[in-house]
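Chemist: The residues making up each chain are set out below.
Number of protein chains: 2
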Amino acid sequence: MSKIRIGIAQINPIVGDITTNKNKIIDIYNDAETNNSDILVFPELSLTGYPPEDLLLKPEFIKENINALNDIVNNSKDTVGIVGFADYDGVDIYNSAAVFQNKKIIYIYHKIYLPNYGVFDENRYFKPGKEYSVFTYNNIKIGVNICEDIWYPNGPGYHQSLTGNAQIIINMSSSPYEVEKENIREKMLSTRAGDYGVYLVYSNLTGGQDELVFDGNSMVFAPSGELVTELPAFEENLSFVDINVGEVFRKRLHDPKGRKNINNSENIQIKEYTATIKEHQKNYIKLSSDNNYKKPVDPLELPYKALVTGVGDYVRKNGFNKVLIGLSGGIDSSLTAAIAVDALGSENVVGISMPSRFTSSGTKSDAEKLANNLGIEFYEIPIENTFNTILNELTPFFKDKPWDITEENMQARIRGLILMSFSNKFNYMVLTTGNKSELSMGYCTIYGDMVGGFNVLKDVLKTKVFQLSEFVNKFHKKEIIPVSIIKRPPSAELRENQKDEDSLPKYEILDEILKLYVEKDKSFQEIIEYGFDKDVVIRIIKTVDRNEYKRRQGAPGIKITTRAFGKDRRMPITNKFID
Amino acid sequence: MSKIRIGIAQINPIVGDITTNKNKIIDIYNDAETNNSDILVFPELSLTGYPPEDLLLKPEFIKENINALNDIVNNSKDTVGIVGFADYDGVDIYNSAAVFQNKKIIYIYHKIYLPNYGVFDENRYFKPGKEYSVFTYNNIKIGVNICEDIWYPNGPGYHQSLTGNAQIIINMSSSPYEVEKENIREKMLSTRAGDYGVYLVYSNLTGGQDELVFDGNSMVFAPSGELVTELPAFEENLSFVDINVGEVFRKRLHDPKGRKNINNSENIQIKEYTATIKEHQKNYIKLSSDNNYKKPVDPLELPYKALVTGVGDYVRKNGFNKVLIGLSGGIDSSLTAAIAVDALGSENVVGISMPSRFTSSGTKSDAEKLANNLGIEFYEIPIENTFNTILNELTPFFKDKPWDITEENMQARIRGLILMSFSNKFNYMVLTTGNKSELSMGYCTIYGDMVGGFNVLKDVLKTKVFQLSEFVNKFHKKEIIPVSIIKRPPSAELRENQKDEDSLPKYEILDEILKLYVEKDKSFQEIIEYGFDKDVVIRIIKTVDRNEYKRRQGAPGIKITTRAFGKDRRMPITNKFID
Chain A
1 MSKIRIGIAQ
11 INPIVGDITT
21 NKNKIIDIYN
31 DAETNNSDIL
41 VFPELSLTGY
51 PPEDLLLKPE
61 FIKENINALN
71 DIVNNSKDTV
81 GIVGFADYDG
91 VDIYNSAAVF
101 QNKKIIYIYH
111 KIYLPNYGVF
121 DENRYFKPGK
131 EYSVFTYNNI
141 KIGVNICEDI
151 WYPNGPGYHQ
161 SLTGNAQIII
171 NMSSSPYEVE
181 KENIREKMLS
191 TRAGDYGVYL
201 VYSNLTGGQD
211 ELVFDGNSMV
221 FAPSGELVTE
231 LPAFEENLSF
241 VDINVGEVFR
251 KRLHDPKGRK
261 NINNSENIQI
271 KEYTATIKEH
281 QKNYIKLSSD
291 NNYKKPVDPL
301 ELPYKALVTG
311 VGDYVRKNGF
321 NKVLIGLSGG
331 IDSSLTAAIA
341 VDALGSENVV
351 GISMPSRFTS
361 SGTKSDAEKL
371 ANNLGIEFYE
381 IPIENTFNTI
391 LNELTPFFKD
401 KPWDITEENM
411 QARIRGLILM
421 SFSNKFNYMV
431 LTTGNKSELS
441 MGYCTIYGDM
451 VGGFNVLKDV
461 LKTKVFQLSE
471 FVNKFHKKEI
481 IPVSIIKRPP
491 SAELRENQKD
501 EDSLPKYEIL
511 DEILKLYVEK
521 DKSFQEIIEY
531 GFDKDVVIRI
541 IKTVDRNEYK
551 RRQGAPGIKI
561 TTRAFGKDRR
571 MPITNKFID
Chain B
580 MSKIRIGIAQ
590 INPIVGDITT
600 NKNKIIDIYN
610 DAETNNSDIL
620 VFPELSLTGY
630 PPEDLLLKPE
640 FIKENINALN
650 DIVNNSKDTV
660 GIVGFADYDG
670 VDIYNSAAVF
680 QNKKIIYIYH
690 KIYLPNYGVF
700 DENRYFKPGK
710 EYSVFTYNNI
720 KIGVNICEDI
730 WYPNGPGYHQ
740 SLTGNAQIII
750 NMSSSPYEVE
760 KENIREKMLS
770 TRAGDYGVYL
780 VYSNLTGGQD
790 ELVFDGNSMV
800 FAPSGELVTE
810 LPAFEENLSF
820 VDINVGEVFR
830 KRLHDPKGRK
840 NINNSENIQI
850 KEYTATIKEH
860 QKNYIKLSSD
870 NNYKKPVDPL
880 ELPYKALVTG
890 VGDYVRKNGF
900 NKVLIGLSGG
910 IDSSLTAAIA
920 VDALGSENVV
930 GISMPSRFTS
940 SGTKSDAEKL
950 ANNLGIEFYE
960 IPIENTFNTI
970 LNELTPFFKD
980 KPWDITEENM
990 QARIRGLILM
1000 SFSNKFNYMV
1010 LTTGNKSELS
1020 MGYCTIYGDM
1030 VGGFNVLKDV
1040 LKTKVFQLSE
1050 FVNKFHKKEI
1060 IPVSIIKRPP
1070 SAELRENQKD
1080 EDSLPKYEIL
1090 DEILKLYVEK
1100 DKSFQEIIEY
1110 GFDKDVVIRI
1120 IKTVDRNEYK
1130 RRQGAPGIKI
1140 TTRAFGKDRR
1150 MPITNKFID
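Residue numbers (our numbering), protein chains in the order written: chain A, 1 to 579; chain B, 580 to 1158.
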């Protein structure tokens, strides 16, 4: 009687490819219809891909997405579909959910809370919605809202449940992955289900889009706050869950907090809509959830999968097959290559080692060993002749100035030139291998080792590079990244006996300070209160600020922390502030 | 009796350098006090510099700017100072104007309309103000508002004038320059003065900050809409204007539209404040405006000055003295060098010519001639030996693949390497010389000719490069850029007999289509309706979209059009939409 089957379509759309996204949505809809799903929910803006950025300012883009929605609606049968798209009212556009059935739109919900912080710019595009709505299906009341809406304790879900008497809240999201966000998100959603006394269905996007990666991991919660089922992380998935909303009434009788809550929604009007009951309900067969996914135990598994998904989608969605990596025998390029192989297959990864007079025999043989372990195509191209030629050409102009960073950068830039020549000749995308610690400190050569179309480790601190490298070997249950690479003290090998620690604080200290300064935006005073050396902290802060110009010309890369370089952290280049 | 002297302090602050900005504000305040100014108004957020971007998310930054404001207030005497700063109410921050006198803040105005489009992200930081206010000085009522506020016909100025009876509206702005914006802005301000029946004082920022350049050109309008006086463009300036507000009463009696306007501000409360009359008013002497600036007649003068200001401020504010430019003998590098010399002086510009086997004797000698005309340091470093060495090293790996873009890019990248080596050795900032047409089409080599810290012509289409080059010679009344450079058909000279028009449509056509597609965001269908060839248009649109990745790694450069690449136009790299 008060049972309902809800399908969650956790998809990986392509930004701007509205036709492909539409066809995917229709195929999945037809599948859900066949599976007797009463309702089928897609993620936020799944028809356009997320985030569409300034494509949303193109009238043709808005029109095409509305036409595609109409095609989806015209294909619909009994199952109630809920699809994210950009609605247009003749003046403004809205981040919207269309609720439809039997070739008709029942109603359209407009997102009320628009995020405009971190990587989000939704105020740039959308007008916030004003209508709080629920719809009825088989005597069950359901409230639909979108992403940010559910992050506000007294947001739409609150009013839909406690004023509109919704028994089920459906939230469609495109919520980007960050390390450990899955826990924060699960706690929050569980709390909302309990506070509102509802079943909460959370449908999230999956896949990579430029610097963002979406983890999917859609979830369903009971009114007790208990997690009923969850969908896999970083995979497309269609799952069904059967809900008996009788539990909502019981919970509300046993736990009067929702009813006793001082209701701040007295003036809120709830608009009510009705959907037709699906025929199959007459012969309802229990299915329950068909999904056995559990979140991984190893805290490195999700970040690793985020990197694999991010680079794989960036390369594929931009029409490339193969990637090229400069293998130095160091840990950053080794981890980048291992991730690339997991993302694209060993047949699509090419490694080039480019030794110089400063390359030790250990790193040189390690580069080759890594390539063998990964089973990738591998070339060795020494840079010595080119380096000598350019030195001969330029030293007359340098007069009596001593060897310095100039000659170090030259080597990195010759390597960049070689990689880009292969990229041009064979249409490989170069992956650049710098990590977040290096990029923070500008310990990298612009137009040298920073060369490349995508930077896999852009948001990964060096200490985490070590952890992830060990994880790779554990995950594959064999030595992929040679232990000698993991054990060797990091060196750029651009001069005799160079070590990273000659120029940088120890990574254990550097990374802790970078976490505080970059990711938590703590001030100098606050950081030294953690007990760090004053001079070290001031040096790091100044160096991070001064190198904004270098990062601004760096390759895009995958955000996995609370604050990545890029549109997440919009610092001026010209900036004299010292925190 | 109802006369008042208003000072406009059109300053060029440095983002984040709150102490320097504060000292500048205090010095000018003291000057205005000496000049018996009743009121002195600075531009929007002039204490922090504009735009401070994510510095606004740092608590220490907000605290430091409030402390600096207190210092300014504590220095104040009879003159009413109006300074832009970021206010904090314990929860939110506001884009604000402090109105102060005799060591006390009279009141603080919070900007009501926050721009969040184009290059602006103010919703990311600020809460909008709610209070409409006027203050009285010598029986004259004055309304203060901030930048975007005045762009709304029924914004704060409307209510301050027609409900609050303000006779003078003061708008403090940080309004970035765009070609011909000065005319749009002047028309709008003139219309507002007439609609509101007030004297309108507009105080705008000047100087460059990263990709933005502010033109100053502050103005004062009479209630008739007539321009009373204007301050110079692209210069710091302190000017005084004496206003007799008797004219306001006359205008309002003669023109009843303001009074008859159906008043949509009935529920608007106007908060009233009072300032003390300055002693010198007792011996008031007529000064009127001391300024004779007139907008330039030549439409190229302001864009040229914008480029000069933009590069000069970027280089100086980032602590560099000298710049380095690769001089090809082509028009882009020639114009860049001429602008750099006007911005920094010939003693601070260094040119390097890097000929190859494909460099014609004409371009080679033109590069030298240009350097002589500019009186700059000049070197010639052929790339032939290095090019041959790298070809020998790589061709074995390229097997039987023919010469292609790879070998062309190699030459550009060797030149980039040479420029960066000089940059490292002598601490010169490299200026990259690409123009907007090239960057649109990706007709430039990433890590090659795109190398550099700043891109002067980033937002200048090729046809405008020609116009500005002719302007340079006219402006200096002698041949700076050799006519042979202006006349020669553009070529990258990366292969035998190469011309730009082998790869690109004629610039006259290309630039018109780029204006429509990039600057006006027209769709394919709309563009062909202008009569352009369908195949040419589709090729250009696809090429622009596909090269987003290249621009993303390009150097920052000066926005001078309505839509520049960068934060003004936020397109995804991964993007399958075809307009």
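Don't read these hints as lab results, they were simulated from the structure. Think of the CB as a built atom: it goes at the ideal place given N, C-alpha and C, for glycine as much as any other residue. Don't take every hint at face value.
Interface residues of chain A toward chain B, partial, derived using beta-carbon atoms under 10 angstroms [unchecked claim]:
#1 P51
#2 F397
#3 I405
#4 I528
#5 G531
#6 T574
Residues from chain A that face chain B, not an exhaustive set, calculated with beta carbons under 7 angstroms [as the list claims (entries may be wrong)]:
#7 G16
#8 V119
#9 E122
#10 Q209
#11 R316
#12 N427
Chemist: Of the numbered hints stated previously, which ones are contradicted by the structure, given in increasing order?
Modeler: Violated hints (numbers, rising): 4, 5, 8, 9, 11 and 12; every other hint is consistent with the structure.
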